[in-house]
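Q: Protein chains in written order, with my numbering: chain L, 1 to 403; chain B, 1001 to 1391; chain X, 2001 to 2345.
To be clear, the hints were calculated from the coordinates, so they are not data collected in a lab. Bear in mind that the values here come from a model prediction, so they are computed numbers and not experimental data. Each hint should be verified, as a subset may be incorrect.
Said to hold, decoys possible - Keeping only pairs whose Cα atoms sit at most 25 Å apart, straight-line, the calculated DSS-like set for lysine-lysine is: (1) K251(L) / K2214(X); (2) K2178(X) / K313(L); (3) K335(L) / K2161(X); (4) K2158(X) / K1343(B); (5) K285(L) / K2092(X); (6) K285(L) / K306(L).
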Amino acid sequence: MRGRMARNAFALGSAGLLVLGIAACNQSKPEQEKSQSQLKIVEQVQIDGQGKEVKADQSAAPSDPAGDGKATCPPVSIAMAGALNGPDAALGINIKNGVQLAIDKHNAANPGCQVQLKPFDTEGDPQKATAIAPQIVDDQYTIGLVGPAFSGETKATGTVFDQAGLVATTASATNPTLSENGWKTFFRGLANDAVQGPAVANYLKNTLGYKKICVIDDSTDYGLGLASAVRETLGPIADSGCNISVKKGDKDFSAAVTQVKGVSPDAVFYGGYYSEAAPLTQQLKDGGFTGTFVSADGTKDPEYVKQGGEATKGAILSCPCGPATGTFADEYKKKFNTDAGTYSAEGYDLGTILVKGIDSGAITRPALLDFVKNYNGQGVARKYQWTPTGELTTNLIWIFKVQ
Amino acid sequence: MSVTDKVLAPGDRLREWWDGLPRVQKWAFGVVLFGALALLPLYTPSFLDTPGISFGGTMAQFAMVAIIAIGLNVVVGQAGLLDLGYVGFYAVGAYTVALLTSPNSPWNKLSPTGFFSAPWAWLSCVPLAMAMTALAGLILGIPTLRLRGDYLAIVTLGFGEIIRLLADNLSDITNGPRGLSRVAFPRLGESEKLPDGVFSNGNASGHANYGTWWFWLGLVLIVILLLLVGNLERSRVGRAWVAIREDEDAAEVMGVNTFRFKLWAFVIGAAIGGLSGALYAGQVQYVAPPTFNIINSMLFLCAVVLGGQGNKLGVIFGAFIIVYLPNRLLGVHFLGINLGDLKYLFFGLALVVMMIFRPEGLFPARAQLLAYGRAARNWLRSPPVEKEPAR
Amino acid sequence: MIHECVDQYACLAANINFNLEGLRIGFWQLTIDGLAWGAIYALVAVGYTLVFGVLRLINFAHSEIFMLGMFGAYFALDIIMGFTPSGNAYNKGIALTILYLAIAMLFAMLVSGSAAVGLEFVAYRPLRRRGARSLTFLITAIGMSFVLQEFVHFVLPKLLKGYGGSNAQQPIILVQPKTQFHIFSATVSNVTIVIIVAALIFAVLTDYAINRTKFGRGIRAVAQDPTTATLMGVSRERIIMTTFLIGGLLAGAAALLYTLKVPQGIIYSGGFLLGIKAFSAAVLGGIGNLRGALLGGLLLGIMENYGQAVFGTQWRDVVAFVLLVLVLLVRPTGILGESLGKAKA
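Chain L with its partners taken away, still in its complex shape:
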């Protein structure tokens, strides 16, 4: 008897489900479009280390990876290491696409010199990167590397590349201590957080005039490093009542939101990546926070707007990376069917530098290392020239806004 009861219940339930479902289907389709957001991340202005706005430099044209079309070389390859899978994959894929574009342009124009791109997926995980670095180094034909992408994995693998003499140019690792390890092969293609942190902090403090700011970090090398720099520069403006550390991978921030609400700051600065920044922004807005959400290059990605929705409107994002402009942006869009993302321009520029080195005859690791060390040229995002420790000689930060 129980079985019959259960069967009847099931039948009734399924019938009800069907009816409700049909009713619901007819309701929701026309209103589907309403909630699509048209928010985009738009560049505003460049700032220097003091947070003062600086006009962009439009003088020189960026280098072309195609070169003169007459280069010849043996079959060498350039490796790219970064997060190509997993929650932070968007940042790694952007870089890979940029390098791919440069290499493909070069190969198309130079039939006598075909360079191969070898991508390696580290998932942004320092653990995995330590297993992958020896693999990259083991391949004799790999004479240059664009990567690793994240600060944690760069820290864990820098010695391997240094010992192998493989030039490792990073398009996105911004932790300042990376260049202090004495690695001969480390070259940073953008400003580090020791520049970005104080620059953003000064911009918030001086130019925007905020009086109370909460600083949250995600306990990773990148997030904590950046947030520490911001906290230091902000000084007393960074309210000590909401000095919060969350964990990467967290999705629920109710405790942090409660703390922020209790302090009522003008702005919240988050040092971390977009997959946490999006729910954090939403939960802050839901919790009644009316100030500005500020974050940095780890958040600056279309995924942030997609996952965070309307709540991200008005967010300010800083980035040492430049906006994709001109022919580069068009070529990227045509090739990959999507807008160039964060660090795509850096990836393109570093890839261009490496293939230019190969074109000029540097087909061994020491030769390419030497070429990069002495390079001085203009790229899409900025001018590239390096100090002996691997930092850029000119450093400017871009400010973006979600609007």
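Using the hints provided, position chains B and X relative to the given structure of chain L.
A: Okay, now just chains B and X, sitting in the frame of chain L:
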């Protein structure tokens, strides 16, 4: 005879043959096998080679998991204590080495001379790591070994996670999620090309890369461990463990001090886990909390269960399957899925299928209760001797 | 946390706060939020406790049943009802929203219930037939947990485009969390109300089912003494099937409630931690005891929140494990004690 032949599983025929060999021959085979294994990374046949990842590195990982499997076998297989948090001991061992030798750690003891100078630091840390882990096993075991069966499993699971969360959250000591890098490793064979020696990850090219060297070190340790654990098995301690595993109440009634022997199993298992942790820290030279999660604990248990609980050689084979197969399949794509990614799926399936059809594992333990068991069996099976009629 | 360490021992203390003031200020808010979380834990804990009571088995794969329920709810919202994933909430009015949520919940319960019954049929029944010991069951449970997780992680994306994979599903947010009213100093949002009310309804229904109906009596009979129950005409296999079904249905309901609270949490690994916490809750309340599971869930939710406020947000998960270990060491039968198998009128 023919009926029993049909019923035997594929591995059993091999076992029958192996059991029939006299001890000297077994040793001879062991030495030959050891030599072959040691030479494997240098002369890898193509069907064994792992194209997507360094073979030496894979074998080094296998050696580490094999040591863990031997340790976990002592706890789960021999004493019958289900420990789901064994990865906690692995973590304690690795973190001990890292905390003492990493420049990021506040307890860094590296100094230019003495026990903690660069060439000796790792070696000095290994006995310390084993001691700390044994202590952790003691601290863990005393309150929890009163529990039985499932409850013990859950408590150990809880403790394993607590250790990982402590490592993750006490960032001022353990550097939290950022991990401790540049951990010390043994310095051997320093030269112009390899300024840090053959065990550093700078030695990354060719067949004799740092993975191979760590594998050789691991092999030596495995042999030593097998000898030690084998002796334990054949001693009073081992027999007590068998008794506890089969029926704890009966053992208690027969006068076996079950709590003490269970604690011994735990401590010895923990020390072995700590040894493996020290190896791991030296090889990867970077210790961070995400490695020491529950999933790895389950994977180690999987190695022991698949290989054969209670059989110290069987679990080594189980460890080999666990480590080698996913790496072998790392580049292989099937219907658009990278097969190496499916490793947990396959192991899960393997566990479920094994438990239904062969729950004792591929190479089940044979209770060796008699010290001269083989001789006794042969004597029993031999044809009766013609006897002089009694006068 | 940024602070100065006077010496390395002060450092140890510094990563753990002892912020009782924060607890006092946020007490009511933390309690309300804790009840909401606790309701979700409670519903999942019932699954663990019932299966343990009847079979003496810890169903490790129950966390994956929950995870499948989340995907089921998402599927219902996405494909059956046609909502497009986006970061914004669809505010369709109370009546319609409740309707949509009910449909999604029914679908989630359908998926979870079928998965639970399937699990019992495929993994546990063959073992029972062969008379396996409890360690074997545990290992099979662990194996099935792996299989289900990795299936969703790698195989599902190939079967159903846009589902599964390494990243969480793009959220579909039906309910914009909005404060409805205040209790003392705490704000109660609509999401909290929905969760607590729904969980209450399910708890009452389940309690009624187990304690007042005929098949509930059957479940208690099999839990107490399987052999005698069979002699009394209770079909053991069917009871076991029903037990798994009930656990699965409740896990499906909890899955939908969870997606209301954490819309970005629908990922293959989303059930794991929650499952372990729910299990801790079941043990806390008394494993094998239905009301114990409910009580344990609520207690765990509240304790977690308090612990988070006092010790720091990163210690939240530790609270669950520490409670688990403490309960097992001090009072393994839990607060209300084992009772599913005890005779009751």
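Q: Hint by hint, where does the structure go against what was stated? Just the numbers, ascending.
A: Hint 1 contradicted; others consistent.
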